[in-house]
Every structure is written in C-alpha cells, then in structure tokens.
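Novice: Sequence:
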Amino acid sequence: MSKVAYTPDNAPSARAGRPVRPNLCEPGSTCRLTLSFSIFFDGTRNHLTEDEPSGAHSNVARLFKACEERNNEGVYRLYVQGVGTPFPEIGEPRPHKDGAAKGTMGAERIRYAFLYIANEVSRKVSRRLLVPDRPRDITNAVKNDDLLPRWKRQLTHMLTASENPKIDGIVFDLFGFSRGAAAARSFLNQLQRHFCDVRGFYCGVPMRVRFMGLFDTVASVGYADSFPLPVEGHQGWGDESLLTIPDDVEQCVHFVAAHEARASFPVDLARRPHAYQSNCLEVVYPGMHSDVGGGYGLYSQGKGTWFPDGRVGQTHADKLSQIALNDMYERALAAKVPLRSREDVDRAGLQDEFAIRPELKAAFDAYMAAVAPDGSGRSVEAQVLAHRRPYLGWRKQILNRDEFARQLFVRRSGGQDRNDLIEANDEMIRQLQEIASFPQRQREHMRRGGTGPDHRPLPPPLAYEFREDWEEAPAPAQGVAAFFAQYVHDSRAHFLLTDPQDEREHRDIHDRLEATDRRYQQDLERHRQDMASGRAHRGSDHMIMQRTQAPRDPLTPRQRSILDVYRRGENPLYTDEYPASSTDDVLDGRDLVQRIGGRREPSWSYLHKRQIFAISRMKY
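Positions in the sequence shown are counted from 1; adding 560 to them yields my numbering.
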C-alpha cells in the first residue's frame, strides 16, 4: 500500500476487467442472466438536458450518452442530474433553494437510484414494479429510508424464487462528478448497508462493483467547509463513513483537479489517511474543478485554442476537460463497462463529444513535461503544490490591470465573463497590496502604541500566510503560460455567491421584477380611473389626498434598467458595485454575503491552497 498518486502520463495503463458470464436465453431452457447497471451521478447544477445546448454538459453526462442500454438483455443505465437542478420525478420540479448551497435533495437522488434498480430487477423477474411508475408514488417512495427494508425483503424473495429467468449476478458501474462523485460513493456504501446482508450479495444474488469512475469528488453536504463554523461539509449523505471506497470494488479511478482552490470545493480523496487500497488509482490533472469533470460552456471565459492567424477554436475539442474525459472512457472501456466502442461512438454521431484537438493535446503534454519532468509518483498534496507554483507565477505575470485586460482570453470573453474576470483580478490586486503593506503598518502601529500590556499587534490581512508562496512563485515558461491562458478557467471569478449561476436564476429575477412592475401598473391604472371619474375628489380631505397622489414607483432606476435589459431578451451585467442581490428590497443571505466579503467567497483568495480530505483534513 502506498500514498503515491499519479500524473496523467505516468499512471498505470487501463486495467482489463473480468468478463461477465454470458447471458443464456435459449428457447425451451432456463434463461440465465447477469444484470448490469451503470449509474451516472452528475455534479452540482449539472443537468444534461439543460446544459447540452451550450455545450456545458459534464463528462459524466457524455459518458452516459456513450453508455449502452439493452434492457431486454439486462443492460441498464441511469443518469441522475445534479443537486441544484430540477428533478420532477423526486418532487423537485424547481431546484431546491439549498440544493446548490448545501447538497439538499442529494439523499433523494440516491434513493431514486435504489428504486430504479429495485424496479428493474422486479420487472425482469416478476414483470411488475415494486413502486408504480407514477410521479406521486415515486416522490413518496424516495422521501426517506422507510421503504428500503420492504424492497429488500421483496427482492430477496423474488430473486431466490425466480428460475426463469435465473439471475446469476448483478454488476454495478458507478460514475460521478463533484457532488455526484460523492453521491456515487455514498450510494455504494448505503447500497451495501441496506441491501446486502452478506458482503458481495445484493438481496441474495452475487454482486460485483466492477468500476467506479470519479471526477474530483466534492462533498460539501450541509454546511460547507467555507462556512464560518467548525464544519467540513460532511453531514447527512456526505458523511465521511459513506465516502470510503469499499475493498470489494474491483477498480476505482479518481481524477483530482490540481488548480481548484475554492473554499467551497474541498476534495475528498479516494485515499485513506495514509495509503491507497490496491483497487484505487488517483490521478492529478491540471485545471480547475470543471476543467477535469467538464461543465464549462464552449465560449466560457474566452478559453480555446489560439491559431497563428488570430482565430480561436472554441469547440468541444478545445476544452481541457476532454483529456480527462477520454482517459476515463478508455479505462472504463477496458474494465468492460458497457460503453460504445470508438467506432460506435462515431456511428452514433457522438464523436464531437469526445474530440480532442491536436493542439490542445500538444499543449497539455508540454505543460506536463514542464511541471513534472521526472514523471515520478508523488502524493496528491505534493502534486497540487507543484501545479500551484507556476499558476501563481503566471497570475503574477499578468496581474497589472492593463496587462490583464489585454489578455486575449479576457478580450474574447462575453460581457459578464469579462467583467467578472477583471473584478476578481482587481480584488486580488487589493489583497496583495494589503499583504505587501502589512509589515510597515504593523511597525507603525506598534510604535504608536508603545509597549503596554494592553497594546496588541494588528491581525494579519487575508492570505498573509501565503506571501512567500506568492513572492517566490517563478515566472512560468512561455508554453506553460500559454497553456494557462488558453485552457485553464478561473473558477473563483466564475463562482459568484450573489448572482445568477444559470438562465433559470436570471428568469427568476426577471419574473420578480415583472411581477412588481405589473402591480405598480395596476395601481397606476386605478389611479388614472379614479382621477378621470372624479372619485378621487370625493370624501374626506385625507381620502382625497390619498387618491390624488400617484402611486410611488417601487422599482429604483437601476431596477428599471435591469428590467429593460431582460425585456430585450438579454441578461444584464452584474458587478461588484451592483450585484444581483441588489435587484430586490429583501435583506437575505445573499445580501449578507455581499456585505461581508463581496460577490465571491469571503475570507478566501487566489493564494489559498485547496483543502484536501482523506477521511480527515490533510495538512500540507
């Protein structure tokens, strides 16, 4: 057992999986089947149907599309959209208000997967469902764990009694990204807890977990690690005990994002505190969270392949996440996961989903050679630090406001992306100025206050403990800088706690402003009618004064301008000065976040290191 993780270019080759006993269903004989379930749990705010038009569907969604489904032969697949997205089947027609923030409704998604499996097994052996396929029945069934013991009893009886078909075994392949990776891990541990009286047997039938393909596991369930309390985001279905990789998983592959560092996105390694089990392979990939697991749109933050003639390629093939996607695809295919072959992927018209432009691959290889030239295995923590140094060096190189604004990816970004990139960089400049001036301010403070016992030193500014990391970060080689500029997104600039994260949230703001304006227009019309009919001038002086005074416009000029933009079919530009939380007159959590630390994560910075858990928090 070892603590060593791998780089993409020195990781062991894809490992061949053990074949499944062939299904035998001949006329006049007993039909013997091994059932196969491939379950795909997507990440927070990731939803295949909603994301596909913009090309923002994740790697989990792409692998699902490439997965075979032959229900008559006992080969099943299930896609589970991420928390923070609608899931009408489980009673979530609109995203739960705490879905994205706290992972709420994640437990219901896991139980929905349990129910899907139970229903399909029941359908196969008894031609009936345990729970009717009706929205109300499904919603009630997945509310809590109450029905799980009954399902287990029913399935155990069915599977034991069934002779035609005879179920020889059940094979599971699990995939997940972000909170979906945490859900896949939690799903397996809960499956074993609720449906396996004997280890390795699902309701009395031999069970295999053939493959787990995980992209950058983030739990953050309940109050996330970024919350100002002694919590770590491991509550409820994200409890540490539910995230361990069981020893009987035949092969677990986990890709970790080296450059992700947001406080709300701590990574839960596949590693146990001090070593990996022999069934786990952990690989550290360059890039942010969604540069590894997918999820950025084709034009997000102006990223793409630069060509000498000035063109920028911004197709699926130009996204950094495609490299991790193809690596996982090859490993899953070798493990005998029922994915389409390359030829069948092409025939199905899915080739663009897995395409990699040669220039991207060459830039990736050059970057890896520069950052890890010896190719030697190191821990995840050591690799993260090795990737962090050149990234900080590159940010230092382009820190100047004018220099940053001249960057091609900034200039090619859409209006909101460009504003967010520039304002996040401006915030970084201010934080670094605070760090640089602190020693002098501390000396002056101590000199003014004397040496009395009640005179205390100033507290250091945010991220002061990382000042040497910043100062010593070397200027990167040209190829490394080009790799960052073209392909690595800025997750901190993109992650705004006060502003819309998708089109649905823009529609919510638009609808709220329209409703307010509609009530105002109705009040205006009543006032005009009262004035025209003379009713306004009847009654007491007080009533006359009330009726003759025109209603006050409840929308500010700023809110009116935002409403006008929405009515033109566009999205308004939100800024640090005017965040989306200012579009209403209600003081809520978003307003408090904005007042404490602005639109981005408070008490955090680009200089902070990523928080890493291997059951417990790792110090590095």
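Take the hints with a grain of salt, since some may be wrong.
When the alpha-carbon atoms are kept at most 27 Å apart in a straight line, the in silico BS3-like pairs for lysine-lysine are as follows [claimed, not checked]: (1) Lys625 with Lys896; (2) Lys563 with Lys956; (3) Lys1179 with Lys956; (4) Lys1179 with Lys1169; (5) Lys956 with Lys1169; (6) Lys657 with Lys726; (7) Lys896 with Lys684; (8) Lys563 with Lys625; (9) Lys956 with Lys625; (10) Lys726 with Lys1169; (11) Lys625 with Lys712; (12) Lys684 with Lys712; (13) Lys726 with Lys703; (14) Lys657 with Lys684; (15) Lys896 with Lys921; (16) Lys657 with Lys712; (17) Lys726 with Lys896.
What the hints contain is simulated information worked out from the structure, not anything from laboratory work.
Novice: Give a verdict on every hint.
Specialist: The hints, checked one at a time:
This hinted pair checks out: Lys625 and Lys896 have alpha carbons roughly 16 Å apart, not beyond 27 Å. Note on Lys563 and Lys956: the hinted pairing is violated, with a Cα-Cα distance of about 32 Å set against a maximum of 27 Å. Between Lys1179 and Lys956 the alpha-carbon distance is near 25 Å, which keeps this suggested pair within the 27 Å criterion. A distance of roughly 10 Å separates the Cα atoms of Lys1179 and Lys1169; the hinted pair therefore holds under the 27 Å criterion.
For the suggested pair Lys956 and Lys1169, the alpha carbons sit about 16 Å apart, so the restraint of at most 27 Å is met. At most 27 Å may separate the alpha-carbon atoms for a hinted pair to count; Lys657 and Lys726 exceed this at roughly 45 Å. Using a Cα cut-off of 27 Å, the hinted pair Lys896 and Lys684 holds, with the two alpha carbons roughly 22 Å apart. A threshold of 27 Å between alpha carbons decides the hint, and for Lys563 with Lys625 the separation of about 34 Å lies outside it, so the pair is violated.
Straight-line distance between C-alpha atoms of Lys956 and Lys625 comes to about 41 Å, which puts the hinted pair past the 27 Å bound. A threshold of 27 Å between alpha carbons decides the hint, and for Lys726 with Lys1169 the separation of about 53 Å lies outside it, so the pair is violated. Between Lys625 and Lys712 the alpha-carbon distance is near 30 Å, which puts this suggested pair outside the 27 Å criterion. Restraint check for Lys684 and Lys712: satisfied, since their Cα atoms lie roughly 16 Å apart, inside the 27 Å limit.
Under the criterion of a C-alpha separation no larger than 27 Å, the hint pairing Lys726 with Lys703 is inconsistent with the structure, at around 32 Å. Restraint check for Lys657 and Lys684: the C-alpha separation of about 37 Å exceeds 27 Å, so the hint is violated. Straight-line distance between C-alpha atoms of Lys896 and Lys921 comes to about 26 Å, which keeps the hinted pair within the 27 Å bound. For the hint pairing Lys657 with Lys712, the CA-to-CA distance comes to about 32 Å; that exceeds 27 Å, so the pair is violated.
For a cut-off of 27 Å, the pair hint linking Lys726 to Lys896 stands: about 22 Å separates their Cα positions.
Violated hints, listed in ascending order, are 2, 6, 8, 9, 10, 11, 13, 14 and 16; each of the other numbered hints is respected by the structure.
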